[in-house]
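Visitor: Here are the chains, one letter per residue:
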Amino acid sequence: MNQKSRDTDIPAVEYLDSRSAQGPAGSLEELHKRLLLLPPYRWVTQAITRSGLSARGILIATPYLWLLLFFLAPFLIVLKISFSEYAIAQPPYTALFEWVDDVFIQIRLNLENYQLLFEDDLYWRAYLNSVKIAGISTFLTLLVGYPLAYGMTRAPRHWRLALLMLVILPFWTSFLIRVYAWIGILKKEGLLNLLLLNLGVIDQPLVIMNTDMAVYIGIIYSYLPFMVLPLYASLEKMDDSLLEAAADLGCRPIKAFWQITFPISIYGVVAGCFLVFIPALGEFVIPDLLGGSGTLMIGKTLWAEFFSNRDWPLSSAVAVVLLLILVVPIVAFQKMQEKDKAA
Amino acid sequence: MKFLAKSALAAVLLAGTAAPGWSADGVVNVYNWSDYIDETILQDFEKETGIKVVYDVFDSNDILETKLLAGGTGYDVVVPSGTFLSRQIQAGVFQPLDKSKLSNLGNMWSVVSERTATYDPENAHSINYMWGTTGIGYNVDQVKERMADAPVDSWKLIFDPEILSKFADCGVFMLDASDEMIPAALNYLGEDPDSHDPKVIAKAEDLLMSIRPYIQKFHSSEYINALANGDICIAVGWSGDVLQARDRAAEADNGVTVNYSTPIEGALMWFDQMAIPKDAKNVENAHIFIDYIMRADVMAKASNYVYYANGNEASQALLEPDVIGDPAIYPSEAALETLYTTTPYPPRVQRKVTRLWTKVKSGQ
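Residue numbers (the numbering used here), protein chains in the order written: chain L, 110 to 452; chain E, 9 to 372.
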C-alpha cells in the first residue's frame with residue numbers, strides 16, 4: 110500500500126464507522142464471545158494466539174498458502190515427472206526416488222526429455238509459432254477492443270452498465286460451446302459462406318475453417334472481454350476536461366488522442382495485452398477445434414505427447430519449458446503493475 | 009474465466025476417476041466407443057438382471073489409455089483395441105477373466121479369437137466385441153466424375169500422388185491414427201506392415217509426405233458426416249463408420265452415394281476387446297455384463313445396428329442379410345487372407361512414430 114491509496118481508504122472506513130457506530134462492530138464482539146463457547150472455534154482461536162500470528166499475518170499468509178497448494182505443489186509434481194523416464198506401467202513413468210537397502214534414497218534424474226526439446230526443432234517451431242499466433246491475435250484483439258472500450262466510456266452514463274453486461278454476458282455460456290458455434294459459422298457450408306454467397310459477394314465458399322485464420326478469429330472472439338474490461342476501466346477514469354483543454358488550444362482530435370487519451374490508457378492497454386497474450390500462448394481448445402492439421406501450437410504438441418505418445422515425462426518437460434517462457438511476460442506485467450501503483 | 013474453461017475440459021478428460029464412481033451392488037460401469045451399441049441392449053440387460061448400467065463413451069484409444077494408466081477410473085468394463093490392449097496388459101492394467109463365469113464362451117469364433125490371442129495370449133484378459141477393417145470410403149459419383157476409371161478397390165487411390173491429386177479439390181480425409189496409417193503405407197510399399205524398424209518406417213514417412221498436399225484433414229470421426237453430406241470425396245476410415253455414412257446418406261436421400269472398399273492389397277484388421285480393469289469395483293457384474301453381450305441374439309442385435317462384424321460365431325445365423333452378406337463387413341475367405349494385423353510399437357519406436365506423424369500432419 111502506498112500513501113495515495115491509503116488516503117482514499119480512510120474516508121471510506123470513517124464513513125462506515127460513523128454509520129454503524131455500535132451496530133456491526135459491537136455485535137461482532139458479541140458473536141466472537143459466543144463462538145468461544147464452541148470448542149472448535151476456541152481451539153483455532155487459541156492456536157492462532159499461541160502461534161503469535163496476528164489476524165493480519167493470517168490474511169497475508171492465506172494467498173501464499175493457496176499458491177503453495179494449488180500452484181507450487183502441482184508444478185513440483187510436473188517437474189518431478191519431467192525428470193523421469195517413459196515406461197509401460199501404471200502410471201507410465203519410472204520412479205524418481207528409489208530406496209536402496211532401505212537406507213539410501215537413490216535419485217535418478219533423466220535429462221533426456223529436456224535434451225530432446227532442444228534437439229528436435231519441432232518443439233521450438235511449436236513454441237515460436239505459439240508466440241507468433243498469440244502475439245498477432247493480441248494485437249488484433251487490441252485493435253478491435255480499443256474502439257469498443259472507448260465507445261463504451263463515451264456512451265451516456267445510464268447505458269454503460271448495460272454495455273458492460275453485454276461484454277460479460279457471453280461468459281454465461283460455456284467456452285467450449287461458443288467455440289463450437291464458430292464451426293457452424295465458419296465451415297464451408299456455414300452461416301458466413303451462405304450469407305456471402307446469397308449476397309453475391311463471393312461465388313466460391315471461403316475456406317476459413319481448419320486454417321490459422323479460424324484460430325485467429327477464435328482467439329480474438331474468446332479473449333475480447335479480457336481486453337475490453339481493463340481498457341474500459343482505465344479510459345473511464347479519464348478527465349474529459351483534458352480533451353476540452355486540448356481542443357481549446359487548437360489540438361486536432363487525432364493528435365489529442367495520441368497525446369492524451371492513449372498515454373492515459375496505456376496501463377489498460379498493457380494489462381489487456383497480457384491478459385490476452387498469456388492464456389493464448391498455451392491455448393489448446395481453439396487450435397484443436399478450429400485450426401487445421403497444419404496449425405502447430407505448443408498446447409496441441411503437449412496434448413499429442415501426453416495422449417498419442419503416452420509420454421508423460423516428455424509432455425511434462427514441454428509444460429515446464431512453456432511455464433518458464435510465460436514467466437517473462439508475467440514478471441514484466443507484475444513490474445508494470447507495481448510501477449502503476451507507485452505512480 | 010479462460011482458465012476455468014480449460015481446467016473444466018481437463019476435468020472432463022480425466023474425470024472418469026470421479027464420475028462413475030459408485031460401487032453400489034446393482035451397478036456396472038461400462039466405458040465403450042461412441043455410437044457403438046444398440047441402446048435397447050442396455051435396457052434389456054437392466055430388465056433381465058436388475059443391474060443398472062452406467063454407460064459412458066470415448067472416441068479415441070488414447071483417451072481411454074490415459075485414463076487407465078492414471079488408474080482409478082471407476083469403470084468395470086472397458087473396450088480398447090487390440091494393440092492398445094496388449095500394451096495395457098503389459099502395464100498391468102487388467103485382471104484375468106474368470107472364464108467359469110462366462111457361460112457363452114462357446115459362442116466365440118475361432119477365426120477372430122486366434123487373431124486376438126496375439127494381443128492377449130490365450131485371450132486371458134479380454135473378449136472380442138467387434139472387429140473391422142481400415143479401408144477406403146468414397147463418394148461414388150464425385151469420384152467417377154473426376155476419374156472414370158479410378159482404382160477405388162486399391163490403395164493406389166490414396167497412395168499414388170498423381171491419382172489422389174485429382175480429388176484434392178473435393179476433399180480427402182485421413183484417420184488421425186499413426187498406428188493404422190503407417191502400416192497401410194508400408195503394406196502398399198510391399199513392406200511388412202507390422203515393421204518396427206525405424207528405417208522401414210521412414211519409407212512410410214516419405215510416401216505419406218508425398219500425398220500430404222492433397223489431404224484436407226486428419227480426423228478419426230468427422231469423416232462420417234462429411235461423407236454422408238457429400239462434403240468430401242474420399243476418406244480413409246473404419247469399415248462400420250463408412251457404412252454408417254452410407255446409410256445416413258441413403259436415409260437423407262440427398263443424392264449422395266457412399267461406398268466402402270477393402271483394398272485388394274490388404275487392409276488392417278482390428279479388434280475391439282472387452283476387458284475388466286484391475287481396480288474395478290463390480291467385478292461380478294462386469295462378468296455378467298460381458299457374458300450377456302456374448303449371447304448370440306444380443307451380439308447379432310449389436311452388429312445389425314452398428315454394421316460391424318463381431319467375433320461371435322453363434323450370432324451369425326441371426327444377422328441381417330445386409331450385414332452377414334456384405335463383403336465390406338464380413339469379407340470372403342479369400343479377402344480375409346489379405347488382411348493383416350499389427351502389434352504395438354516399443355516405447356522408443358513409438359516416440360519416433362508420433363514425431364513422424366506430427367510431421368506428416370503439419371506437412372512440414
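Keep in mind that the hints were calculated from the coordinates and are not lab data. Fair warning: this is a prediction, and the values are worked out from it, not measured in the lab. Among the hints, erroneous ones may be present.
[Claimed, not checked] Simulated crosslink set (EDC-like; lysine to aspartate or glutamate; CA at most 20 Å straight-line):
no.	chain 1	residue 1	chain 2	residue 2
1	E	225	L	298
2	E	360	L	221
3	E	360	L	230
4	E	286	E	273
Visitor: Now tell me if each hint is right for this structure.
Guide: Going down the list of hints, with the structure as the test:
no., hint, in the structure
1, 225/E - 298/L, "16 Å, holds"
2, 360/E - 221/L, "15 Å, holds"
3, 360/E - 230/L, "14 Å, holds"
4, 286/E - 273/E, "40 Å, violated"
Checked against the numbered hints above, the structure breaks only hint 4 and satisfies the rest.
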